[in-house]
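Colleague: Heads up: the first sequence is residues 1182 to 1383, going by my numbering.
If you're looking for bench data, these hints aren't it; they were derived computationally from the structure. Idealized CB from N, CA, C, for every residue including glycine. There may be inaccurate statements among the hints.
[To be verified] Straight-line C-alpha distance at most 20 Å; calculated SDA-like pairs for lysine to any residue:
1) 1187 <-> 1214
2) 1302 <-> 1267
3) 1325 <-> 1235
4) 1378 <-> 1337
5) 1235 <-> 1263
6) 1254 <-> 1353
7) 1382 <-> 1269
8) 1319 <-> 1294
9) 1302 <-> 1329
10) 1304 <-> 1291
11) 1304 <-> 1214
12) 1319 <-> 1307
13) 1319 <-> 1306
14) 1254 <-> 1204
15) 1325 <-> 1189
16) 1189 <-> 1204
17) 1378 <-> 1333
18) 1375 <-> 1330
19) 1246 <-> 1326
20) 1378 <-> 1343
21) 1254 <-> 1347
22) 1319 <-> 1329
23) 1382 <-> 1367
24) 1319 <-> 1269
25) 1254 <-> 1188
26) 1378 <-> 1265
27) 1254 <-> 1333
[Unchecked claim] Quick list of the computed label-pair ranges, beta carbon to beta carbon:
28) 1267 <-> 1200: 34 to 40 Å
29) 1306 <-> 1326: 26 to 32 Å
30) 1194 <-> 1246: 37 to 43 Å
31) 1383 <-> 1233: 26 to 32 Å
32) 1299 <-> 1191: 32 to 38 Å
33) 1194 <-> 1306: 18 to 24 Å
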Amino acid sequence: MKKGNKLKASFYLSDDVVRVAQDLLGKKLCSHIDGVYTSGIIVETEAYSGRNDKACHAHLGRFTKRTSTMYQKGGTAYIYLCYGIHHLFNVVTNVEGIADAVLVRALMPTEGLDEMHSRVKTKQADYKLCAGPGKLTKALGINKVRNGIYLASSSDTWIENDLDVHASEIVATTRIGIDYAEEDALLPWRFYLKGNKSVSKY
DNA sequence: GGAAGGATGCACT
DNA sequence: GTGCATCCTTCCA
């Protein structure tokens, strides 16, 4: 498999998590797990900031064993379990000590579709295999064992450059499932590719 | 040691 | 479009 396009460590170190969230659209998330290669284009992301963002697990100094991964340096994978069932995949950004992260909410499957089907066990169409943060991790075989791996050097989960996305194709809107965050739930920090069928929700 | 809650997905009407 | 299952982590006693 090719690895020449793997994103460099510097990509993740930006102090502007919202911009990184937009830049990740069109990139390819790849995994090589259990000897099987699967990948998909990132079509939907959300930005979370450790400072001044009530939606972030680590906001205002909330520091636990679970959130500690978010304080690591940009490029670290933060994977955690929601509702005891669903694994959610985040990309940590910024420098060590700042809990900024980008949640990857949806992919457009590109390679390894057969394996994704057998993992997800859904009757839905191919383009919906990764349409949702819980489903994309299952489709790629990612679970909390991968929590804390470093995407810029890992050989089993990484992100590559792929599509060039023009700013006009990116739609910014409010985030999902974080009503408890009060006014921060209204921030337009969710980004997706306009018209893409793999986006989880409009 | 125990209780509460959660960045969802699926089945069903 | 709507209702609810499901179980690990965190926090408090």
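Colleague: Checked against the structure, which of the hints given earlier come out wrong?
Modeller: Numbers 3, 4, 6, 9, 11, 15, 17, 18, 21, 26, 28, 30 and 33 - these are the hints that the structure violates, sorted from lowest upward.
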